[in-house]
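*Asks:* The chain contents come next:
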Amino acid sequence: MSLQDRIRHCLQNDVLDLFQCQGDLFVQVPRDRIVQCLEKLRDEPGLEFDFLVDVVGVDNSALHEKEIKAREKALAKEKEKAEESGETGVENEPVVLEVPPRFDVIYLLLSLKSNERLAVKVKVPEEDPEVDTVTTIWRAADWPEREIFDFLGIRFRGHHNLKRLMMWEGFGSYPLRKDYPLQGKGEERHLDYDE
Amino acid sequence: MLKPIKKPVVKREYTFLERIYLWEIVKGLKLTWKHFTFNVRASFRPGPHTVPTCWQYPEDRRPIAPIFRGAHYLALDEKGRELCIGCGMCARACPAHCIKVKRGKPPEGQEEKYAGKTICESFEIDMLRCIVCGFCEEACAKGALYLGPDYELAEYEKGPCIYDKERLLANFRKARAEGKLKPKRKPVPVAAPEKKPVGKKAVSPEGKASGSQKEK
Amino acid sequence: MEDLGITVIKVVFIWTWVLLIATLMTWVERRGSAMMQDRLGPNRAGPFGLLQPVADGIKLFTKEDIVPEKAQKILFSLGPVLFALPAFSAYAVVPFGDKLVLDGKEIILQVADVNIGFLYIVALGGLAVYGMVVGGWGSNNKYSILGGLRSTAQLISYEVPFGIVLLAVVMVFGTFSLREISLAQQGTFLGFLPNWGVFKQPLGFILFMTAAYAEANRVPFDLPEAESEIVAGYHTEYGSMRLGLYLFGEYVNLYTLAALTVTLFFGAWHLPYLDMSHFLGPISYGIASFLVFFLKTAFFLWLFVWIRWTVPRFRYDQVMGLGWKALIPLSLVNLFVTALIIQLTV
Amino acid sequence: MREPHCNVPGCDLGSDQMVGDYVTINIGPSHPAMHGTLRVVAKTDGETVIEAEPEIGYLHRGVEKLGENLTYNQFIPITDRLNYCSSIVNNVAYEKAVEKLMGVEIPEKAQLVRVILMELSRIADHQVCIGILGVDIGAFTPFFYQIIQREEIYEIFEWYNGARLTVTAGRIGGQDADLPDMFEEKWRMLKDGIRKANDETDKLLTHNRIWMDRTIGISAFSAEDALNFGFTGPCLRACGVPRDLRKDDPYYMYDQFDFDIPVGKNGDVFDRYMVRMKEMEESIKIIDQAYALYREMPEDAPLKAKVPKIIKPPAGEVYAALESPNGELGFYLKSDGSDKPYRIKVRPPCFMIYQAFPELIKGEMIADTIACLSSLNIIAGELDR
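Residue numbers (the working numbering), protein chains in the order written: chain A, 1 to 195; chain B, 1 to 216; chain C, 1 to 346; chain D, 1 to 385.
Just so you know, the hints here were simulated from the structure itself, not pulled from any lab data. Heads up, a few of these hints could be off.
Unchecked claim - The calculated lysine-lysine pairs, modelled on DSS-like cross-linking and capped at a C-alpha distance of 25 Å, are: (1) 6/B x 27/B; (2) 340/D x 123/A; (3) 11/B x 278/D; (4) 163/A x 43/D; (5) 65/D x 113/A; (6) 65/D x 178/A.
Said to hold, decoys possible - Some, not all, of what chain C presents toward chain B, calculated at C-beta under 10 Å: (7) 37; (8) 38; (9) 43; (10) 210; (11) 220; (12) 282; (13) 284.
Glycine included, C-beta positions come from ideal geometry on N, C-alpha and C.
Only chain A is shown next, with the shape it has when bound in the complex (with noise of 0.2 Å):
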């Protein structure tokens, strides 16, 4: 079996996207299941992702902006053409394009029995940046959900120790989100985040 029908075959219904980028094979979860998959993938034998290489927050706002802005462009030339064409009367509805959740947090895993990688993603949305913690399965998902919390603001329920990491305590933004200033001072004045 291939290593995706095996994770299909582990993960059940869990399997929301599989897709493989360059060799790299990524797996998407929900997000409230992530520590039970984690745990799946880590004991099923044949798979034992047993080793946490890493884990790794991005923030997509940009990068959905961008989507959306070509797609309201593609729309938009549709609704000329049509126009164009003379053709008028079902296109009233407007169409609501759907925002897919904010941020990315990637569970990078390798099996160092097989020595095949894994990384596992779950999608969090800006309004309730929460997900499971899973250093109660690795120990070294500690500091880079810390550091995630710190640069990304998600926070990671169930965490011992959730403070900020790299900036002091009390620093008022979240600097890897694509909305933070590049320039000037008193950045983290600018934007205001409610904690």
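Knowing the structure of chain A, use the given hints to seat chains B, C and D on it.
*Replies:* Positioned in the frame of chain A, the structure of chains B, C and D alone reads:
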């Protein structure tokens, strides 16, 4: 719950000679004595750098590689003409954004002083920001900008740290007088284009893009 | 009893001499370590950098004297003094040569030939720890306090084997006076060995050296000022000449200990198998004995430097373990064996 | 008595003052033995550390944010500043990630050059680590014997492309220069020099009882815990796990070289030291073999794959890692198809190792804290980014 940590207990096992301390210490003393006598003798030898680590810096200097990356200079060609055409490729390549180039036309009647049709009206390198990576040198199509052999970049004030065109040309003259001009960078041999679709796809629009930039 | 004038001259002379050597030691330490480590060391001030100690002294004198705001001012200023005073006065009972005959007057090359010279040295060595503790406590810095505590524990632990080894030496020579011990080391022992303490007390010598290194806070026992652990230990907060006193006192201590080692174990001013007084005039003999004594001392001073740049540092508990579990039992064994042999042979 | 005062913001390790049984000691960020700007707040009972909390971020420069606003090639000099003891490894790790994202295979000669340079910087890194470990335990002299050889290695880097420390070696798609002509002769001398320095360090330290007392059994760690904490590199191998990406997941022709993976047993300071010492010897072996292969290559063999001048990888995300001197150094890259990376995440090996630091030094003494820290080879530049 976090997993508790079990610390392994390690038993120390020593041989007799290790146990009595002195044997190994005497061996160590022998070694340091060897170094001591060698260096004392070496320090009386004439000439610079007789002791392995030390260069008596302001008097003796370590010979540097001919391709050393130090302070920038703007090169002149054999006829003494300025090579820089002010295209600004260096400024675009700079990761620290420390180069500012203004392009201009050569002043009336002085065209023979410049190698290109256009010149850099002003050229500024902020050495306080520069990280001496050498990307500007690599980006320069005319071979006009080099990172020279001078590594004494300290100044008393911030002002002189921002190198203007005069300073860069002076650096060149200094390097030329000392015979430390940098050899022209040899381009590395590049593999023939692969037949891979990814590579090809990436190549064609880029070729155009860089071409269009040049036209600007 | 010698007259006062000669004593004053002797005091002034030996004081200047010790200070000179201590200053020079800072240079030797730096250049010597540099040479062992393939470096050059300070070589700019004067020929071979010999004036470096002077430059250092000027620097230390002209530095601003900073007292931490929350330090205990009195203790803070008392610390260096308490450290330096015993160090400077300990040399009084150690000889620096045999004797000089001037105008028929015999001048003993020793400031004071006290008949309990040993006790004087041990007592003053014990006093030095107050300088460190008081300075460490007065600085109101956690590292300083740690350094002070370390020095207390270390010095008190190592006073014991130090004292016991000295006792064994006293038993061998049958006197407490350092001059008499020196005089007793002339001639040969067992027919072929020089009559030196080291051949009579080989184990005692090693134990004495170990304890001396610990007393002097030198590597591998430099825990009170271990720079990679507790910054600078008891003198973390000190600067300017107060720091100078600490550093200086340390080198003076070294000189005293090296001279003591020579006196006890290496035949003081005696050359092996050779009696200088037979073929040298009274004045030249005095000078020669002084030089021989100094050269031997210089070797042990150099050994201090040499060992420092060769070995790593102990850990606090390991130093204690070595002191209590190895040195004290061994020195006791040494004492008993010595007593036994003396009892059997006399 | 006036109580000594400790002003530790953000420290919640019990009492700030010297009342009660414990003292809170603040080691760093400016401390002679703290590498770079690390800070450990330790609660101690006498000299024994009861509890400790490392604080990091004093050298945080926002490297990841910087990367999002520079083009792909422009980020290479920034990677120099991660682990500045072995900058080439960082460069190559990043380039490897971008090349993976673009699907570019670099020419063999470039691979060999990279292997040689990386192994050289691995030796340099280990030399610094061992030297500093000696200094922190009080043996100053081996440091100089090692550092002299490192200078010679830097000389090769200088002749390679003009810089000694922050080399900025390689570009995306290959190398920016060929090995210098002086390499062969220099390497022949350097090899002996490195071996001699290692031999001397070995003589001064390894069997010295003071050294053994200070290192054996200090901050020992079991293999299981080490894996759980995400240890990689020498620190993991010291625990007895023979894991090395060069063998397990070979890249750049490492599968063609014959070398061993030295492992320890207890995962203590001594084993880390021994693993590093032995690894240098293995690196020498690798360089010899790689150079033999390199010499067979024709002079004008390509050093760079055909890549566009402006790098624009297709949209996607990858993670690529290689074995840096400290362990697995990985780069997670996300591209949105533009000329700037959308997200760069560095996976520094120290970061994972350092989070176990409180556990490593629990119950050890203050002096061991320093020894443990140096043996882990924590580089603040890499840790804080």
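*Asks:* Does each hint hold? Answer for all of them.
*Replies:* Cross-check of the supplied hints:
Taken as a hint, the residue 6/B and residue 27/B pair is broken in the structure, with Cα atoms around 38 Å apart against an allowance of 25 Å. Pair hint residue 340/D plus residue 123/A holds up; C-alpha atoms about 23 Å apart against a cutoff of 25 Å. A hinted pair counts as satisfied when its Cα atoms are at most 25 Å apart, and residue 11/B with residue 278/D qualifies at roughly 22 Å. Between residue 163/A and residue 43/D the CA atoms are separated by roughly 19 Å; this keeps the pair inside 25 Å, and the hint holds.
Distance hint between residue 65/D and residue 113/A is unfulfilled; the C-alpha atoms sit about 35 Å from each other, more than 25 Å. With a C-alpha separation of about 9 Å, the suggested pairing of residue 65/D with residue 178/A holds against the 25 Å cut-off. The interface hint given for residue 37/C is met, as the beta carbon of that residue sits about 7 Å from the closest beta carbon of chain B, less than 10 Å. Hint status for residue 38/C relative to chain B: holds, with the closest Cβ pair at about 4 Å, below 10 Å.
About 8 Å separates the beta-carbon of residue 43/C from the nearest beta-carbon of chain B, less than 10 Å, and the hint is met. Taken as an interface hint, residue 210/C checks out: its beta carbon lies about 9 Å from the nearest beta carbon of chain B, inside 10 Å. At a threshold of 10 Å, the smallest CB-CB gap from residue 220/C to chain B is about 9 Å, leaving the interface hint in force. Contact between residue 282/C and chain B, as hinted, is not supported at the beta carbon level, the nearest pair being about 38 Å apart and thus beyond 10 Å.
Taken as an interface hint, residue 284/C does not check out: its beta carbon lies about 31 Å from the nearest beta carbon of chain B, beyond 10 Å.
Of the numbered hints stated above, those contradicted by the structure are hints 1, 5, 12 and 13, listed in ascending order.
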